[in-house]
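As you go down the protein sequences, you meet chains L and E in turn. Its first residue numbered 3, the first sequence is counted upward by one per residue in the numbering used here. Its first residue numbered 764, the second sequence is counted upward by one per residue in the numbering used here.
Quick caveat, the hints were computed from the structure, so don't treat them as lab data. Treat the hints with care, as some may be off.
As the list claims (entries may be wrong) - Among chain L residues calculated to face chain E with C-beta under 8 Å, some are:
(1) Ser187
(2) Arg204
(3) Asp207
(4) Arg230
(5) Pro233
(6) Gly236
(7) Thr237
(8) Thr240
(9) Pro398
(10) Ser399
(11) Val401
(12) Leu405
Said to hold, decoys possible - Sample of chain L residues facing chain E (criterion: CB under 8 Å; computed from the structure):
(13) Thr47
(14) Thr54
(15) Asn133
(16) Arg205
(17) Asp234
(18) Gln241
(19) Leu243
(20) Ala244
(21) Asp396
(22) Trp397
Said to hold, decoys possible - Ranges of calculated distance between the beta carbons of each label pair, as one might list FRET restraints:
(23) E:Ala787 / L:Pro525: 53 to 61 Å
(24) L:Met326 / E:Glu811: 25 to 33 Å
(25) L:Ala306 / E:Val828: 53 to 61 Å
(26) L:Gly507 / E:Gln865: 32 to 40 Å
(27) L:Glu335 / E:Asp810: 31 to 39 Å
(28) L:Glu359 / E:Val828: 37 to 45 Å
C-beta: ideal position from N, C-alpha, C; glycine also.
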Amino acid sequence: MTHSPFRLGIIVVLIATAFSWQSPPAGAQAAPRQLRIAVGIDADTLDPVGGTTTTVNNMVDYFYETLVDVETTPGEIKPKLATRWQISRDGLTYTFTLRSGVRFHDGTPMDSAAVKFTLERLLDPRVRNPNRHLFAAIKSVETSGDLNVRLTLSQPSPILLASLGTTTAAILSPAAVQRAGDRFSVAPTGAGTGPYIFKEWRRGDSITVERNPNYWGQKPSFEEVQFRVVPDAGTRLTQLLAGDVHMAMLPPAPDVKGLRRNPRVTVVEAPTDRTVFLVLNNQWGPFKDVRVRQAMNYAVNKKAILASVLFDLGTVSVSPCPPMMFGGIPVQEGGWPYNPIKAKQLLAEAGYKDGFEVNFFAPTGRYIQDFQFAQAISAQLRNVGVRANVSTMDWPSYVAMILTPPDRTRVQMIVLGWAWPVLDCDGALYGQFHSGVAHPPTGLGPAYYKNEKVDALLTEARQTNDPNKRKALYKEAQELIWNDAPWVFLWTQKWYVATVKNLEGVKVTPIEKWHAIYATWKP
Amino acid sequence: MTLGSYLVRRIGVALPTLVGVTLAIFFMVRLIPGDPARVILGLQASDEEVVRIRRELGLDRPIYVQYGRFIGRLVRGDLGISAVTRAPVIEEVATRLGPTAQLAVSSIVVATAVGLGAGIVSATRQYTAIDYLVMTVALCGVSIPVFWLGIMLMLVFSVYLHWLPAGGYGGPAHFVLPTIALAAFSIAIIARMTRSSLLETFNQDYVRTAHAKGARPRAVVLRHALKNALIPVITVIGLQFGALLGGAILTETTFAWPGMGRLLVNAITSRDYPVVQGIVLTFAVIFTVVNLIVDLLYAYVDPRIHYG
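Model the full assembly from the supplied sequences, consistent with the hints where possible.
Here's what the structure looks like:
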């Protein structure tokens, strides 16, 4: 009996050895039949209209396609299921010519009837569609022949064409949708036209797609792709290093520095349109004074925090609307400068020579290193006399806090991030700074910022079709907002994935997606 | 009273408990701040969309009406549909119950075998090097957080040795590491309980008698002492099994295991009330059944206990 612990050890080793050929190490090896990607979350729905999460959209993009392509070249709108389109001079009529000979995975033709069905479905109030407001301008959809579709708008909508390129507006097979009925959100068999076909969703575990042999465009190189749901970032990285998966989204941020030097791994990273900032409640105590808000911007050393807490996974904000978006301009190169002396001066001028105390909330795990950088900011603010005590809470509670009316809100200073699926300043600014729509409880701009001039500029810019005029309007609005300092402008986040070295051609887009459909394997 | 009527009485007692559980969970989940409609739709959704979903989910009705509907459906065996995926809650729970139950069973089997063995070894060699070694390892077992142990196991056995997959659900190989990680705590608890319970019985008269009449030491330990020492151990094993089913959340997250614990966490963070209710109710039923089985085992182990 004395030997039993050792015997047990031997048994464990034997069992382990028996399975030891299951996962050969990554490295020099032939191209796998199945490309495996570790993702952080499971899908909530596979109905493209119901999607709220970029990563879920990213997965369904493998089997659905849209009329226009807004993602291959950010800022440009290219043909996809539509080959040509025309917009009337008044901006109220859009005519699309569809690609001929395209079939859905269920064999039915992709034609004008399918497009009409899809667009009417995403406007149908009985269908859950969180992004319906993007398409609210569509009044009617008419077909003419098999390949022509005409949209009539109730008012000009400069963002409509780009919105038709978002996953929400993916073109669906009417037959497949009707056949699936209530099950469409969990088993959307045959409904898309994309380069891959939906095969299986094992809930909580994986989603598998297989190559579409009849795809109209370029065929991808992997026969199958499997998305594995791995909620823990550390485990995603472990699976990549163990060779169980070939690509992992968002490995732990603190590991990225080491991974960039790891010869067996490629880190693919790129800037996105997600701005991260401190909301200052402009109707609360000291923050009513623009000098205090400016002082807060001077007091935070964004560059230092980016380097030491975010591992360079961000770029200092230079404007309320990231310059990569339509209309975005760098208002101030390098962002608000770090200048604690100036900050103290401004605070003294505003009557806060000895600083003040402020409640400071940050979420945990929502943005890169969020709770960690909040603590760094709190320490820097202490240097100018602002005592900010950081607390955190879970995300739904956080959203509930944001959505409280101004007279009851607990928001004094909070961390928030904002991104938009359409790369247009309308998305970056309207919902945060237009006082008519942004203020909670109905809006999501808890800064309670109000500037009538800005309101007018933002309204005009979303009703004008002339791109140059819109750019001018957004330029003025961004400058006004920047100097009013309703936020502490921090940075725009990067987005990143890690792949095994053999996998080539993976890209990351500005709207937090990976592009790996046409990735290839180099032995 | 027969065993049958005992069972009927126990089930009679269990029912009000379960009704109490439905009440508690129904109201508790609604007390946490956060609007399900807003959480489900995401930040970009318009306000009118949020109002629409709130109506669809029945959240615009008074809370007693909501509870009435919930109970009304429940007695017909319907747990409602998930607010997020809109699949039936029964289906959501059923697809996750299997992986969780398999992992819990494999862990409790390993934990019982190893824990009992280690406890017996330790007790029969009290204050020797082996005893100290086993108890030190057991102390580590209760102290090491499962997510750390899980990552370490994966680093060693998956990344460096390439013996076993690093998480994920699948064939027997996928079970090895999560079972070890999940069982570690229970092994330690069972080993410590077995040791102390055995040591107590060693001082009893009947053990001395057994020794005196010349029974072999092995028989004295296993037949005379151990059987009498088992009651608290069985209680602990029963509690551990319940904890393994419900407490596997961290293990399931670390090992990407598609089980109930993770479903519960996701449901709570997305304020998916029907799914939270369904899972908690399932856990409550399982706990009740496990407790009942433990009570019945007492009678088997100790013939002095009668339910008849």
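So, going through the hints one by one against the coordinates:
1. Ser187: Holds: closest Cβ of chain E sits about 6 Å from Ser187 (chain L), inside 8 Å.
2. Arg204: Hint on Arg204 (chain L): holds, closest Cβ of chain E at ~7 Å, below 8 Å.
3. Asp207: Asp207 (chain L) check passes; min Cβ-Cβ to chain E is 4 Å, inside 8 Å.
4. Arg230: holds (6 Å)
5. Pro233: holds (5 Å)
6. Gly236: Holds - the Cβ of Gly236 (chain L) comes within 8 Å of chain E, reaching about 6 Å at its closest.
7. Thr237: holds (5 Å)
8. Thr240: holds (5 Å)
9. Pro398: Constraint on Pro398 (chain L) satisfied, holds at 3 Å.
10. Ser399: holds (4 Å)
11. Val401: holds (6 Å)
12. Leu405: Hint on Leu405 (chain L): holds, closest Cβ of chain E at ~7 Å, below 8 Å.
13. Thr47: holds (6 Å)
14. Thr54: At about 3 Å, which falls below the 8 Å cut-off, the nearest Cβ of chain E leaves the hint on Thr54 (chain L) intact, so it holds.
15. Asn133: holds (7 Å)
16. Arg205: Because about 5 Å separates Arg205 (chain L) from the closest Cβ in chain E, which is inside the 8 Å limit, the hint holds.
17. Asp234: Since chain E brings a Cβ to about 5 Å from Asp234 (chain L), closer than 8 Å, the hint holds.
18. Gln241: holds (5 Å)
19. Leu243: Holds. Min distance 5 Å.
20. Ala244: holds (4 Å)
21. Asp396: Because about 6 Å separates Asp396 (chain L) from the closest Cβ in chain E, which is inside the 8 Å limit, the hint holds.
22. Trp397: holds (6 Å)
23. E:Ala787 / L:Pro525: 53 to 61 Å: holds (58 Å)
24. L:Met326 / E:Glu811: 25 to 33 Å: holds (30 Å)
25. L:Ala306 / E:Val828: 53 to 61 Å: Once the Cβ atoms are compared, 55 Å apart, the range 53 to 61 Å for Val828 (chain E) and Ala306 (chain L) holds.
26. L:Gly507 / E:Gln865: 32 to 40 Å: At roughly 39 Å between Cβ atoms, Gln865 (chain E) and Gly507 (chain L) fall inside 32 to 40 Å, so the hint holds.
27. L:Glu335 / E:Asp810: 31 to 39 Å: holds (37 Å)
28. L:Glu359 / E:Val828: 37 to 45 Å: holds (44 Å)
Checked against the numbered hints above, the structure breaks none of them.
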